[in-house]
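Asker: Chains A and B, in that order, give the protein sequences.
Going letter by letter, the first sequence gives residues 68 to 397 in this note's numbering.
Going letter by letter, the second sequence gives residues 68 to 397 in this note's numbering.
Since the hints were derived computationally from the structure, they do not count as laboratory data.
Be aware that a few hints might be false.
For chains that are exact copies, the list does not tell them apart, and a pair is met inside one copy or across any two.
With a cut-off of at most 25 Å between alpha-carbon atoms, the simulated SDA-like pairs for lysine to any residue come out as follows [stated by the list, open to error]:
no., residue 1, residue 2
1, Lys323, Ser90
2, Lys86, Glu346
3, Lys180, Phe302
4, Lys354, Glu342
5, Lys86, Ser193
6, Lys238, Gly278
7, Lys102, Gln374
8, Lys185, Val235
9, Lys102, Pro381
10, Lys323, Asp103
11, Lys295, Asn329
12, Lys354, Ala145
13, Lys256, Pro381
14, Lys71, Val340
15, Lys147, Lys180
16, Lys147, Gly116
17, Lys134, Thr303
18, Lys296, Thr221
19, Lys86, Glu131
20, Lys191, Ser380
21, Lys256, Glu294
22, Lys191, Pro381
2 protein chains.
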Amino acid sequence: MRIKVAQFGLGQIGKEITKLVLSRNRYELIGAVDKDEGKTGRDISDLLGLADKTGVVVTESSREVLKKKPDLVFHSTASKLSRVHEQLRNIMEAGANVVSTSEELSYPYLQEKELSEKLDGIAKSSGVTFFGTGVNPGFAMDLLPLIFSGVSRTLDKIRVLRIQNASVRRKALQEKVGVGLPEDEFEKKVRQEGGHVGLIESVSLVATGLGWQLDEIEDWTDPVVAEKKFETEYFTAQPGELRGIDQTALGRVDGKEKVRLNLQMYAGASNPVDEITLEGIPNLTLKVEGGIHGDIATPAIAVNSSQKVLQESPGLLTLLDFYPYLYNFE
Amino acid sequence: MRIKVAQFGLGQIGKEITKLVLSRNRYELIGAVDKDEGKTGRDISDLLGLADKTGVVVTESSREVLKKKPDLVFHSTASKLSRVHEQLRNIMEAGANVVSTSEELSYPYLQEKELSEKLDGIAKSSGVTFFGTGVNPGFAMDLLPLIFSGVSRTLDKIRVLRIQNASVRRKALQEKVGVGLPEDEFEKKVRQEGGHVGLIESVSLVATGLGWQLDEIEDWTDPVVAEKKFETEYFTAQPGELRGIDQTALGRVDGKEKVRLNLQMYAGASNPVDEITLEGIPNLTLKVEGGIHGDIATPAIAVNSSQKVLQESPGLLTLLDFYPYLYNFE
């Protein structure tokens, strides 16, 4: 049985998910939704740069696509639950399961407890499962550290460092981290819009998985400023302009720092890496030199998660549902 | 509510599990079973080198301990299902959940399909869950590579290298890999006893998780011979004698190598490491320099898994039940 799939949102992540879906026999693409007039009315293959027509035409009407009864909707429209919950309700009430890459949905209970519980109820009464995932949040700074902590007898602190070279990331991400903006626009354009969404979700997921009750989560973002000129495919940062961000989120228990996540995303980063350090017994560091490229990994993780998601009981899932070492250190 | 725990098997792994259980508030140790006359009749604290008596006396009688109705039994007696299935049946029929570190139980369906299905039936009718785990098999060469593969869009091959310095491992492991034996006893004492049990289970778990139907698993073990003298706490390998093993297991699909696991465990290994390589899109390597010490990690993983195991539906679980990226590449 092939899985009938619809794609909601055709930004770069949505397009890459669609390509992956088309490349795997297990899936059958039956619809694609985007509100952008430059995309609607066209065969999806045009947007993806594929030679063969798929017969799937991009439409603005989610209603039209949901009528075709997809088993599964891949959802990548916006980062915040408050902006997408109506979409999600419609999808689930139409009987489709959902895998979303919206960052806040990796742990929606943190920011939107009430709304999340409502959506969990809708998922259950509709008999569908909902899962928010991606590489970050969803993998590099939460699931992978949690899995790694399985080897810990005692754990005093867990630290994650993720450095991404923004130069090779998608345009929307370069924009989000402010590549090429004058430094004095950092405050307004980057920090106030929250920088990267999802870091505090990751802190919260890690702590919850470990059984740690955080008394606070602190989160701040600093600018990374160009000392020389950096050019990307989309932007140029002159000396004094922004290369990107250096963001930290940390969680404390009884005033003691227990979880520290540092995410650096800036143009020309020469040492991209994913690094997880367990401080305790044993002391261990896991390292992926070069780092896990977010725009490659997020679509992969979304599609790779989907078969398991379809097997799970109805409701709103988080990565903690797939994490075997629950509450190790409670 | 504290979890009432009994420990079956007080070799080094069992002893370390017991220590960990005693150190965590969530657990209450109510019994410990071993057949060794040197251990029975003594307060478990004596065996563990703890100052305070626990009141738990080691007994040979599993019946006596099971009468106390433990919620959970940690089981670490022997590596092979054929040797332990009677123990497991008794435990489960007494209503206790089981976390076992017996290597073959990481994926018992591979070697003992019928017996596994029978045990799965007993678990279900007894309303308990059963989970076989440890660092290897159970983590370093199967779960961690599977989790890491979540970032893959395409995966041509997955390779894992694990090098452990046998000098710092427990005596039973040094014995198993033949440290200090004359080279000509390798064939009889090491290879014929199967070397490290679990590597083919790991190959099979990885392939199954990825949705790959292997046409064969090949498994061989070579000796690592001392060129100079190596001394451990327990054994001495003179030049020409065994330092340990270099074991490889590989799985092929349509004649093509897809999974390659190489496990090196020998005295004096100077470069211990856990290294996982994904060949595909993207190409990525994950590395834990120094390696994950098996005798530290296995007890941790067993205890860390237990709360999740208690939440699961009855039956015989494998790590695939906790793995979110099922069948990615089918």
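Asker: Next step is simple, just say for each hint if it's right about the structure.
Answerer: Hints, verified against the model:
1. Lys323 to Ser90: Between copies only: 21 Å across, 48 Å inside.
2. Lys86 to Glu346: Classified as between: cross-chain Cα gap 20 Å, same-chain 40 Å, threshold 25 Å.
3. Lys180 to Phe302: neither (38 Å within a copy, 59 Å between copies)
4. Lys354 to Glu342: both (4 Å within a copy, 10 Å between copies)
5. Lys86 to Ser193: Intra 28 Å, inter 46 Å, cutoff 25 Å: neither.
6. Lys238 to Gly278: neither (38 Å within a copy, 34 Å between copies)
7. Lys102 to Gln374: neither (28 Å within a copy, 45 Å between copies)
8. Lys185 to Val235: neither (38 Å within a copy, 53 Å between copies)
9. Lys102 to Pro381: neither (29 Å within a copy, 46 Å between copies)
10. Lys323 to Asp103: Cα proximity of lysine 323 and aspartate 103: none, with 47 Å in one copy and 44 Å across.
11. Lys295 to Asn329: within (24 Å within a copy, 46 Å between copies)
12. Lys354 to Ala145: neither (30 Å within a copy, 34 Å between copies)
13. Lys256 to Pro381: Answer is neither: 39 Å inside a copy and 52 Å across each miss the 25 Å cutoff.
14. Lys71 to Val340: For lysine 71 and valine 340, neither the intra-copy (36 Å) nor the inter-copy (42 Å) Cα distance is at most 25 Å.
15. Lys147 to Lys180: Cα proximity of lysine 147 and lysine 180: one copy only (13 Å, versus 47 Å across).
16. Lys147 to Gly116: neither (29 Å within a copy, 53 Å between copies)
17. Lys134 to Thr303: neither (45 Å within a copy, 73 Å between copies)
18. Lys296 to Thr221: neither (46 Å within a copy, 35 Å between copies)
19. Lys86 to Glu131: For lysine 86 and glutamate 131, only the intra-copy Cα distance (21 Å) is at most 25 Å; the inter-copy one is 60 Å.
20. Lys191 to Ser380: both (8 Å within a copy, 18 Å between copies)
21. Lys256 to Glu294: For lysine 256 and glutamate 294, the Cα distance is within 25 Å only inside one copy (20 Å; across copies 64 Å).
22. Lys191 to Pro381: Classified as both; 5 Å inside a copy, 22 Å across copies.
Figure legend: structure checked against the earlier numbered hints; hints not met, in rising order: 3, 5, 6, 7, 8, 9, 10, 12, 13, 14, 16, 17 and 18.
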